[in-house]
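Q: Sequence:
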Amino acid sequence: MSTSTAETSVPSAGSAGALCVLAAAALWGSTGTISTFAPAGVSPTVVGSSGLAVGGLLLYLTGRLAGAGPAARGRREYLLVALGAGTVAGYPLTFFPAVARAGVAPGTVIMLCCAPVCAGLFDWLLRRHRPQRRWLIATAGCLAGAVLLAVGGDAGAQIDPLGIALAVAAGASYAAYTAVAGLLISRGRGSAPVTGAMFGGGALLVLPVQLAAGPAWMLHGHGPLVVAHLALVTTFLAYVLYGRGLRTVTAAVATTLALAEPAVATVLGVVVLHERLAVAGWVGEALLAAALLLLALGQRAPASTAR
Numbered sequence: 120m121s122t123s124t125a126e127t128s129v130p131s132a133g134s135a136g137a138l139c140v141l142a143a144a145a146l147w148g149s150t151g152t153i154s155t156f157a158p159a160g161v162s163p164t165v166v167g168s169s170g171l172a173v174g175g176l177l178l179y180l181t182g183r184l185a186g187a188g189p190a191a192r193g194r195r196e197y198l199l200v201a202l203g204a205g206t207v208a209g210y211p212l213t214f215f216p217a218v219a220r221a222g223v224a225p226g227t228v229i230m231l232c233c234a235p236v237c238a239g240l241f242d243w244l245l246r247r248h249r250p251q252r253r254w255l256i257a258t259a260g261c262l263a264g265a266v267l268l269a270v271g272g273d274a275g276a277q278i279d280p281l282g283i284a285l286a287v288a289a290g291a292s293y294a295a296y297t298a299v300a301g302l303l304i305s306r307g308r309g310s311a312p313v314t315g316a317m318f319g320g321g322a323l324l325v326l327p328v329q330l331a332a333g334p335a336w337m338l339h340g341h342g343p344l345v346v347a348h349l350a351l352v353t354t355f356l357a358y359v360l361y362g363r364g365l366r367t368v369t370a371a372v373a374t375t376l377a378l379a380e381p382a383v384a385t386v387l388g389v390v391v392l393h394e395r396l397a398v399a400g401w402v403g404e405a406l407l408a409a410a411l412l413l414l415a416l417g418q419r420a421p422a423s424t425a426r
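Just so we're aligned: 324 in our numbering is position 205 of the sequence shown, and the numbers increase by one with no gaps anywhere.
It is worth saying that the hints were derived from the structure and are not from the lab. Accuracy of the hints is not assured; some may be wrong.
[Said to hold, decoys possible] If you anchor each label on the Cβ, the simulated ranges turn out as follows: (1) ALA408 - ARG249: 19 to 29 Å; (2) LEU240 - TYR197: 19 to 29 Å; (3) VAL398 - GLY307: 30 to 40 Å; (4) PRO280 - GLY186: 41 to 51 Å; (5) LEU240 - GLY333: 38 to 48 Å.
Please read all numbers here as calculations on a predicted model, not as lab measurements. Yeah, the Cβ is synthetic: ideal placement off N, Cα and C, and Gly gets one too.
Between the sequences and the hints, there should be enough to build the whole structure, so can you do that?
A: Here is the structure:
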């Protein structure tokens, strides 16, 4: 009886972790919509990094208060934390300019399509995790759905080379953070301290951007609501959930599950911003949902991290 219970609890823990990642992706999906309400004339880099500057500080403070032990032990792990902080800071500094140049749908799709591939590579290099067949099938379905979403969006959008390069860099940054955080958590470090240390460091790295821009825009028009949402919802709450998900899912799986983000962003664009979605876009939504469900329900927690 006890053996049967233990066996069934492992996939259950893995599915719970997958649901945490999906919930985080759903929150990230509101980023583009809420950013459109920022005061006119404010740089996308400034708007995007404001969420990290404030939300990163909150994650650092809660990580310190969590009582789950240190984020790292030994020189190598501290170097990993520093690397993670750099990738955390690199994401908003590349993603938001990419979206501004390439367009919301193309920029987001390029970033998210690069992320699972990079994460699979990083996961193999750092943890020797080979991609599973279910992940390969689900990732292929997610990528196809994401591309259909882009095709079903604004067909007149033009992509410039720099926008593409920035989107690829954002995807690599996001994948690197996921792989490094997942490695530390798999070694027994608490998800709260690890997330807090990396985001606290990332907040310090983007602070010069905020100081150069000044705080005036945050107090003008919808500025306070935009900053509060980016800091509390898409940074703080989303990465608390994401960190918990990384306890039981690999970096490759987590970045694939995060492909739920463009699906949520598209729905919000239709409902809130009254954007129109072609038939191909709705087919992409359905394909993404099916692929993500396949992956989420098939997750098993690693024996060392199922807790």
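Q: Honestly, which of those hints from before does the structure not fit?
A: 3
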